[in-house]
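J.: For reference, the chains in residue letters:
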Amino acid sequence: AQSVTQLGSHVSVSEGALVLLRCNYSSSVPPYLFWYVQYPNQGLQLLLKYTSAATLVKGINGFEAEFKKSETSFHLTKPSAHMSDAAEYFCAVSAGEGTYKYIFGTGTRLKVLA
Amino acid sequence: KAGVTQTPRYLIKTRGQQVTLSCSPISGHRSVSWYQQTPGQGLQFLFEYFSETQRNKGNFPGRFSGRQFSNSRSEMNVSTLELGDSALYLCASTLGGGGTEAFFGQGTRLTVV
Numbered sequence: 157a158q159s160v161t162q163l164g165s166h167v168s169v170s171e172g173a174l175v176l177l178r179c180n181y182s183s184s185v186p187p188y189l190f191w192y193v194q195y196p197n198q199g200l201q202l203l204l205k206y207t208s209a210a211t212l213v214k215g216i217n218g219f220e221a222e223f224k225k226s227e228t229s230f231h232l233t234k235p236s237a238h239m240s241d242a243a244e245y246f247c248a249v250s251a252g253e254g255t256y257k258y259i260f261g262t263g264t265r266l267k268v269l270a
Numbered sequence: 024k025a026g027v028t029q030t031p032r033y034l035i036k037t038r039g040q041q042v043t044l045s046c047s048p049i050s051g052h053r054s055v056s057w058y059q060q061t062p063g064q065g066l067q068f069l070f071e072y073f074s075e076t077q078r079n080k081g082n083f084p085g086r087f088s089g090r091q092f093s094n095s096r097s098e099m100n101v102s103t104l105e106l107g108d109s110a111l112y113l114c115a116s117t118l119g120g121g122g123t124e125a126f127f128g129q130g131t132r133l134t135v136v
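Chains as they are written, first to last, in the working numbering: chain A, 157 to 270; chain B, 24 to 136.
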């Protein structure tokens, strides 16, 4: 069965510093992986997705993630944090072929310090 | 192109009542999934529908039910509400095909008092 682990429920960075949010997955088949962002009282917005086309995936708002099969990781990074990046971030894996059910991590709340 | 629309945005219900939430997916999307989001449990999968058929169901009691109509709109119903049902209920629509992403609505915030 697929699963996702996000290390660190809360992460604080200074404005302009590197953002690194960690995600490890478990999947018995080549996974489809996603990062979503959620602002207060909003739904989830897709940042980027991995579908095996390329291991380094670029997303919106300057975010990117690298798929590392040997480490079963899909960490999210951004070179320079902005105040507007403060939100909750979720890593998700597709539950398998023939379904659009996602398994979500527990989320990481990012705080950006001025 | 219009996004996923969930109605209502906010609901307050009393224990024991029932509630129906609605979701209109993006035009052309045939798959709709529902999730419950709470601070303690995070995002939990409720159901998945494709072309009016339930394909998957999460680990929730039978009080939680759903359906999908021929126009792909979906509803979920919770009967005999409990305090623990207070949550943000999110609907997601998917076009189809491997690796395609889910698009989420803004959710319905249900408060049970």
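No lab work stands behind these hints, which were simulated from the structure alone.
Backbone N, C-alpha and C define an ideal beta-carbon position, used for all residues, glycine too.
Where hints are given, some of them may not hold.
Unchecked claim - In silico contact screen, one side only, chain B against chain A (beta carbon under 8 Å); selected entries:
| # | residue |
| --- | --- |
| 1 | Gln40 |
| 2 | Val42 |
| 3 | Ser54 |
| 4 | Ser56 |
| 5 | Phe68 |
| 6 | Arg78 |
| 7 | Leu113 |
| 8 | Ala125 |
| 9 | Gln129 |
Claimed, not checked - Partner residues aside, some chain B positions facing chain A, computed with beta carbon under 10 Å:
| # | residue |
| --- | --- |
| 10 | Thr30 |
| 11 | Ile35 |
| 12 | Lys36 |
| 13 | Gly65 |
| 14 | Gly81 |
| 15 | Phe83 |
| 16 | Phe87 |
| 17 | Ser88 |
| 18 | Asn100 |
| 19 | Gly107 |
| 20 | Cys114 |
| 21 | Phe127 |
| 22 | Gly130 |
J.: Among all the numbered hints in the text so far, which are the ones the structure does not match?
T.: 1, 2, 10, 11, 12, 15, 16, 17, 18 and 19
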